[in-house]
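There are 10 protein chains.
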Amino acid sequence: MLYLVHMIVDIPASLPAEEAARIKAEEKSYSQDLQRSGKWPHLWRVVGEYANYSVFDVESNEELHNVLSALPLFPYMQITVTPLATHPSAI
Amino acid sequence: MLYLVHMIVDIPASLPAEEAARIKAEEKSYSQDLQRSGKWPHLWRVVGEYANYSVFDVESNEELHNVLSALPLFPYMQITVTPLATHPSAI
Amino acid sequence: MLYLVHMIVDIPASLPAEEAARIKAEEKSYSQDLQRSGKWPHLWRVVGEYANYSVFDVESNEELHNVLSALPLFPYMQITVTPLATHPSAI
Amino acid sequence: MLYLVHMIVDIPASLPAEEAARIKAEEKSYSQDLQRSGKWPHLWRVVGEYANYSVFDVESNEELHNVLSALPLFPYMQITVTPLATHPSAI
Amino acid sequence: MLYLVHMIVDIPASLPAEEAARIKAEEKSYSQDLQRSGKWPHLWRVVGEYANYSVFDVESNEELHNVLSALPLFPYMQITVTPLATHPSAI
Amino acid sequence: MLYLVHMIVDIPASLPAEEAARIKAEEKSYSQDLQRSGKWPHLWRVVGEYANYSVFDVESNEELHNVLSALPLFPYMQITVTPLATHPSAI
Amino acid sequence: MLYLVHMIVDIPASLPAEEAARIKAEEKSYSQDLQRSGKWPHLWRVVGEYANYSVFDVESNEELHNVLSALPLFPYMQITVTPLATHPSAI
Amino acid sequence: MLYLVHMIVDIPASLPAEEAARIKAEEKSYSQDLQRSGKWPHLWRVVGEYANYSVFDVESNEELHNVLSALPLFPYMQITVTPLATHPSAI
Amino acid sequence: MLYLVHMIVDIPASLPAEEAARIKAEEKSYSQDLQRSGKWPHLWRVVGEYANYSVFDVESNEELHNVLSALPLFPYMQITVTPLATHPSAI
Amino acid sequence: MLYLVHMIVDIPASLPAEEAARIKAEEKSYSQDLQRSGKWPHLWRVVGEYANYSVFDVESNEELHNVLSALPLFPYMQITVTPLATHPSAI
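Residue numbers (the UniProt record's numbering), protein chains in the order written: chain A, 1 to 91; chain B, 1 to 91; chain C, 1 to 91; chain D, 1 to 91; chain E, 1 to 91; chain F, 1 to 91; chain G, 1 to 91; chain H, 1 to 91; chain I, 1 to 91; chain J, 1 to 91.
Hints are supplied without guarantee of correctness; some may be wrong.
What the hints assert, rightly or not - Calculated cross-link-like contacts (lysine-lysine; reagent style DSSO-like; alpha-carbon spacing at most 27 Å): (1) D:K28 - D:K39; (2) I:K39 - G:K39; (3) F:K24 - E:K39; (4) I:K39 - I:K24; (5) B:K24 - A:K39.
As the list claims (entries may be wrong) - Listed next, the stretches of chain D that the computed footprint assigns to chain E, with coverage defined by at least 3 CB atoms under 8 Å from CB atoms of chain E: (6) 1–10; (7) 54–64; (8) 78–90.
No lab work stands behind these hints: they were computed from the structure. Note that the Cβ used here is the ideal one computed from N, Cα and C, for glycine as well.
Sequences are here, hints too, so could you generate the full structure?
Written out as structure tokens, the structure reads:
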């Protein structure tokens with residue numbers, strides 16, 4: 001089941017640089033594990049922004065929320081979820 | 001080169017039903033040709049809306065505009081284009 | 001799997017009154033069948049508006065889109081879908 | 001009398017972690033008491049967000065404001081209230 | 001129980017002038033009956049707009065929706081309802 | 001001369017609690033003096049929000065600005081003013 | 001007493017050209033009478049738009065609404081009113 | 001003196017096709033005359049939209065409004081004007 | 001050449017009170033010099049807000065930017081500029 | 001390949017003045033190198049704002065993101081990218 005997910009990252013200036021670096025490293029590792037598992041099939045950078053558009057392929061709303069709320073950057077992101085379905089013209 | 005494209009369809013009530021049907025059939029055929037060519041790799045329906053999110057893979061802004069403005073439904077759609085780039089965490 | 005769905009109805013003045021009445025009657029019947037089936041557990045009127053908030057309980061994004069796009073009033077509604085998950089404080 | 005309530009939580013980074021944890025625990029307890037009393041019949045997490053949609057069943061606008069403004073997280077939430085009524089197609 | 005109600009009137013040009021005049025006369029009569037009954041204690045024109053802000057005093061959300069949806073101009077208005085409560089500084 | 005005034009209060013977390021308490025007490029006293037004088041005939045809490053809708057009855061735009069900008073909470077509020085006039089259907 | 005007024009004109013295509021011309025001529029005449037009377041001291045075109053920003057100098061909210069709602073183009077305009085006061089730095 | 005101008009074209013379906021074609025031909029000719037004169041140095045299509053971003057180089061606000069309001073498509077466009085100045089880092 | 005300028009002032013709580021007072025005094029002096037020179041012919045307070053609407057009369061976009069960006073409060077203001085032209089009905 | 005880029009600068013008050021000055025100097029140097037290379041052909045100040053509109057001429061979405069995300073002020077800017085194509089009326 002597919003969802004388009006838009007994530008805008010906004011790390012507050014008050015977060016110490018080392019902590020920010022650690023969180024970003026964890027985010028990268030967590031994200032790559034999910035990509036390898038097939039649950040996060042697409043991850044694209046939005047040109048000119050600290051943001052991404054992603055496609056997730058999970059079993060349920062529940063699983064998607066668990067995956068997203070466990071993102072190390074979750075407290076610093078504004079996330080919007082759009083449920084997707086098969087398009088009648090898709091081949 | 002990838003772009004996320006959001007299309008909202010709004011066919012005016014004044015368009016005769018047969019003409020609308022003809023345009024939609026042309027749209028489907030045109031869309032499927034582009035999907036087969038590899039230029040329109042993803043086409044998803046937005047749940048609950050007469051709208052889609054698509055990913056296009058073309059050579060340039062110019063080619064994307066040519067492809068989109070030739071859509072049979074182009075006069076009846078509101079289109080938003082977001083240029084995409086490689087995400088540093090993408091595998 | 002639960003979704004909150006917001007529907008705003010806007011029937012164009014150009015639709016003949018009898019056709020509007022026929023569509024509304026079909027909508028009511030279709031809606032009540034879904035309510036009886038358990039797929040549409042909540043349907044509330046928004047006070048002062050020709051709009052509703054509903055909760056749907058379906059198997060997938062796909063099923064939700066099929067249910068919504070088959071609504072007799074679908075061509076005359078603006079629909080917004082919000083996927084829901086279990087709240088950690090819910091009993 | 002039913003109301004749909006949308007709550008977005010935004011705890012400032014300046015709030016010490018222990019105080020945040022204490023407030024969240026109080027919120028959970030307070031919320032569960034209200035759920036048990038029947039005044040807060042539905043509480044759902046919005047997928048991908050630190051937000052919820054809730055349905056409250058109270059006697060009056062006055063009672064709803066008292067219940068909401070006593071939420072331990074009230075100072076850190078953006079709340080929107082939508083009054084609901086019986087839908088003519090509801091069974 | 002008090003509610004602030006904002007009504008914006010937008011009568012389509014396609015409505016025949018006599019019918020518009022008849023509906024407005026019915027609206028005036030209906031509104032004045034409700035004012036006399038105490039259910040519509042305040043009705044103000046917004047300066048420069050075909051709109052009003054009103055305060056309603058009714059028993060419930062249900063009654064408010066019944067009153068508003070029976071307004072002769074209801075099909076031609078955009079209505080927004082804000083539930084009100086006692087302010088702690090009000091005398 | 002009547003005006004509808006919407007006030008949203010947002011006291012920054014950096015303001016010491018005692019100072020906030022002192023300002024709120026001054027606000028209450030100032031507000032009640034104005035209510036007694038007849039210049040602030042209505043003051044309602046917006047359900048679920050730290051906000052109010054008020055009606056002011058003053059001689060001029062000038063007087064209204066003087067009254068509002070002297071509110072002890074003025075530096076912490078977002079205020080919107082809507083001038084009101086007699087509605088032709090008001091009794 | 002001064003007000004800034006923003007007017008956006010949108011004449012529907014369905015209005016016959018001669019009637020539109022007649023209304024615009026009446027608008028011009030009405031506007032120039034008010035300018036001569038001192039009640040409409042400033043009238044500026046917004047560059048690139050069929051819109052204007054104006055300043056009105058009238059006795060009351062009531063008078064402003066009477067003046068604006070009598071504009072021959074009133075049914076075809078979207079009007080926003082901002083009450084103005086003396087600025088403490090104005091000379 | 002430079003201005004960035006954003007033009008969105010929206011030709012109503014009720015305009016006969018031949019008249020639309022004639023207006024577009026006049027628009028092209030008018031636009032190319034202004035481009036040759038140096039007053040319209042840049043004209044770009046927005047990808048995926050019936051819209052353009054343009055740069056105009058004129059003597060004054062007055063001249064810009066005269067140029068824009070004389071566009072054959074002016075009645076069918078939504079135009080936004082942004083005045084530009086020299087950037088301190090521009091070479 | 002005239003421009004309507006909207007300025008919203010938002011001085012951060014972190015700015016020391018004496019520095020804020022000094023900047024405001026400089027702003028007043030700078031503003032009054034420009035008013036005396038004829039470049040800032042109108043300056044009005046927006047009722048209920050820490051904001052103003054102003055009219056500037058300068059030679060060019062360039063001069064307007066120089067005047068505005070030299071305002072002592074410039075770093076603490078959100079400014080919107082609307083170019084104005086002669087209205088055909090203005091006397 | 002052309003893109004219109006809108007950049008709004010918002011440097012937090014917490015950034016030490018010398019560091020801000022150093023970043024701005026680096027930004028100027030970086031920007032002028034790109035202008036000399038032909039990749040940043042236009043850079044204009046938006047009148048009255050700490051913002052610019054720019055045109056970039058690069059090979060791909062990828063290159064544009066690399067150029068923008070390397071701006072020394074990138075962490076302090078809100079950037080919006082609009083892909084451009086040839087306009088059929090452009091000479």
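(message) When the structure is checked against the list of hints, which entries are broken? Sort them ascending.
(response) 3 and 5
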